[in-house]
Amino acid sequence: QKEVEQNSGPLSVPEGAIASLNCTYSDRGSQSFFWYRQYSGKSPELIMFIYSNGDKEDGRFTAQLNKASQYVSLLIRDSQPSDSATYLCAVKGGGFKTIFGAGTRLFVKA
Amino acid sequence: EAQVTQNPRYLITVTGKKLTVTCSQNMNHEYMSWYRQDPGLGLRQIYYSMNVEVTDKGDVPEGYKVSRKEKRNFPLILESPSPNQTSLYFCASSLSKTRLASSTDTQYFGPGTRLTVL
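Listed in order, the protein sequences are those of chains F and G. Quick note: to get our numbering, add 1 to the position in the first sequence (first position is 1). Quick note: to get our numbering, add 758 to the position in the second sequence (first position is 1).
To be clear, the hints were calculated from the coordinates, so they are not data collected in a lab. Just to be clear, a hint being listed does not mean it is correct.
[Stated by the list, open to error] Lysine-lysine pairs mimicking DSS-like chemistry, simulated, CA-CA at most 30 Å apart:
no., chain 1, residue 1, chain 2, residue 2
1, G, K776, F, K43
2, F, K57, F, K68
3, F, K57, F, K98
4, G, K829, F, K98
5, G, K827, G, K815
6, F, K43, G, K827
7, F, K68, G, K823
8, G, K815, F, K43
9, F, K98, G, K815
10, F, K110, F, K57
In isolation and in its complexed conformation, chain F is listed as follows:
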């Protein structure tokens, strides 16, 4: 079992719809959770981080964390073609290591 798992996609949604990206992790001691966006040929850039159970909203983005279920998700409301990218879930354990998922490719159709 991979330590951080994501559906590779591609996930295709129409413009204006809600995109839902999911991530599960295996280490119950994990403390910090991140969503990075990576455009093709570019480096990852942070969208959101979360470390408390529940929802965290930032503009069109909402991160949801459920530590009991070892599950973190990212919702993108009013999806735009410019949101088309690969989304990486990252989990920091109790130490200093950060584990990344393989990423989910998102396509937003105009």
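Since the structure of chain F is already known, use the hints to place chain G on it.
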């Protein structure tokens, strides 16, 4: 401008020829890390450093060396590169000084180095 820089951006080399990829950050970050990214495998951590002269192995350290003699620099060394080290490499840094959850865990990535070993 706050940034992480890597050099070179592109490198084609041959098996066994030692190389170094440099990484530098100007944000006074404590934590620095090297990742490789391969299709379908995502980002895998090679080595990380919590501070000057403090480094530790990530998930895929074999065939790589690192050093942290200065806070701002964290070079990645391939003593004898092999074709299976052909990959896209990213350096990253964060302010993080603690094992506890914190916004300082956010990592800032360099532009990447695309390495091909023939």
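Check the hint pairing K68 of chain F with K823 of chain G against an upper bound of 30 Å on the C-alpha distance.
Not OK: K68 of chain F and K823 of chain G at ~35 Å, beyond 30 Å, violated.
Does K98 of chain F sit within 30 Å of K57 of chain F, going by the straight-line distance between their CA atoms?
holds (23 Å)
30 Å limit on alpha-carbon distance, applied to hinted pair K815 of chain G and K43 of chain F
Cα-Cα ~25 Å, so holds.
What's the verdict on K43 of chain F and K827 of chain G, does the C-alpha distance respect the 30 Å limit or exceed it?
With a Cα-Cα distance of about 28 Å, the restraint between K43 of chain F and K827 of chain G holds, given a limit of 30 Å.
Checking one constraint from the list: CA of K827 of chain G to CA of K815 of chain G, max 30 Å. Satisfied?
Holds, at about 17 Å.
Hint consistency between K110 of chain F and K57 of chain F [alpha-carbon to alpha-carbon, up to 30 Å]
Cα-Cα ~26 Å, so holds.
For K57 of chain F and K68 of chain F, compute the direct alpha-carbon distance and say whether it is at most 30 Å.
At roughly 14 Å apart (the allowed maximum being 30 Å), K68 of chain F and K57 of chain F satisfy the hint.
Under the criterion that the straight-line Cα-Cα distance not exceed 30 Å, is the pair K776 of chain G, K43 of chain F satisfied?
holds (26 Å)
What's the verdict on K829 of chain G and K98 of chain F, does the C-alpha distance respect the 30 Å limit or exceed it?
OK: K829 of chain G and K98 of chain F at ~18 Å, within 30 Å.
Straight-line alpha-carbon gap K98 of chain F to K815 of chain G, limit 30 Å
It holds: about 9 Å lies between the C-alpha atoms, which stays within 30 Å.
Of the hints listed earlier, the one the structure fails to meet is number 7.
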